[in-house]
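A.B. asks: Following the hints, position chain U against chain R.
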Amino acid sequence: MSRVGIEAMNVFGGSAVLDVKALAQHRGLDLPRLENLLMREKTVALPFEDPVTFGANAARPLLDRLSAEEKDSIELLITCTESGIDFSKSTSTYLHDQLGLSRNCRMFELKQACYAGTAGFQMACNFILSQTSPGAKALVIATDISRYLLEDGDEAAAQEWAYAEPSGGAGAVAMLISDTPHVFQLDVGASGYYGYEVMDTCRPAPDSESGDVDLSLMSYLDCCEQSYRAYEKKVAGADYRDSFQYLAFHTPFGGMVKGAHRTMMRKVAKAKGAEIAEDFERRVMPGLEYCGRVGNIMGATVFLSLASTVCNGGFDAPRRLGCFSYGSGCCSEFYSGVVTPDGAARLREMAIEAHLDGRYRLSLDEYDRLLSDRDFIRFGTRDTAVNQDLVVVTGNGGGPRLVLREIKDYHREYAWVG
Amino acid sequence: MKSEEILPLIHEAIVEVLPELDGHDFQETDSLDALGANSMDRAEIVMIVLEAMNLEIPLVDTFGPQNLGELARHLADKTAVAR
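As they're listed, the protein sequences go chains R and U.
Residue numbering for the first sequence follows the numbering used here, beginning at 1 and increasing consecutively.
Residue numbering for the second sequence follows the numbering used here, beginning at 1 and increasing consecutively.
So that you can see chain R by itself, here it is in the shape it has in the complex (with noise of 0.2 Å):
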């Protein structure tokens, strides 16, 4: 049987973070609405943090502990984002170089809304499957901002952005592919993709996005159950109840993963009330944990989650994980892959709780003054000093942490810190 999957992982969720009630109170938003969302937390975007910074945040821990012929074997990098700072020039080559990574590796950028993170995770998987090159490693990074301005006097954007705004996150996620999945064994061949064109939700101008709010959540609950009736046609004997210990789904704001899988539970495993409340609670929500503390981070959402329910649920013995991802426009894949307790017990020593912890807390005020213009870097900046202010007072006591310094002739400068 072929082996493949994720070797190691892990997780940035950014330098700062805002407490969502307080931003709700803040905005005059309706409270019981707000804890629908299931979010308490959500990171935000420093100047100095962008796609490139985050995803390198993420990816230098699982480098660190690689001796250099290990690193030397990564011959593919995809970074997997909806954020890209350029429309050639991939964000790979930045992260290639700031990672220090083989010159005798392919690289290139990844595009398909939230989906992108799944995308380049089974194009990766794939690249080892081939055996094209083996004993070769490929790492998958991705990254995501929803860092994004208001144009003036837009008031039906500013209306739809009130109860965006505190489900939109930013981080990074990393991931090392090879044939040696010790953190979570890919079921090969066990994928039910769907997809179409839909106008739910996009990014048709640098830094702004649009959508529809209603057609997103139709379009995220028809895949639900279309890709997971696909996998069901490649799996024999495939059981939503009783096939999957655990459900990753891509989480936008945990309380529309309640919902999609309240509706799951319905209408596939013809379940009702309680025992929905007690699924819910049992198989979803260690994945909901690390997102309601960093908010959507598109791509890289759905392994946000999977990493979640790896350190929050129980592995005392070999549990499978249903992985739901869907990306607007759309694509949606629903897979399974297996954890073990080794597995488990190697993602746990990546302390992402303690690095959540240790986010520095954004004051209202602090945060408002970010969001106003003035040191917002808009897509196609060609010369800028960035504002440094918060590098130390976030600096978390951690390891080396990459910040962006400045750009030079369009070209981002960066620089290791602590």
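It should be emphasised that the hints constitute simulated quantities derived from the structure, not laboratory data.
These figures come from a predicted structure and were not determined experimentally.
Positions of the beta carbon are idealized from the N, C-alpha and C atoms, including for glycine.
Footprint (simulated), chain U over chain R, 3 or more residues, beta carbon under 8 Å:
#1 210-216
#2 219-233
Straight-line Cα separation of at most 30 Å, DSSO-like style, residue types lysine-lysine; simulated pairs:
#3 R:270 <-> R:234
#4 R:267 <-> R:234
#5 R:267 <-> U:2
#6 R:111 <-> R:89
#7 R:270 <-> U:78
#8 R:272 <-> U:78
#9 U:78 <-> R:233
#10 R:111 <-> R:234
#11 U:2 <-> U:78
#12 R:408 <-> R:111
#13 R:267 <-> U:78
#14 R:233 <-> R:272
#15 R:233 <-> R:267
#16 R:89 <-> R:71
#17 R:234 <-> R:272
C.D. replies: Coordinates of chain U only, in the frame set by chain R:
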């Protein structure tokens, strides 16, 4: 299926998802949003109506109507196409 037959199914679905609206005098011009349904409630109401109608179409094909009357007419059109 005619829209007049679909409207009572919509009313029942709303009450199933939002029990506090039991006994409410629904108007065709009511919007689900104004009745207090959030985005997940709105999707669930439509799903329940589709099941009651035994109509298997993607949820995204029910997108667009702005009030209960429009939704009923939209779904009536869909049943005409489905047949």
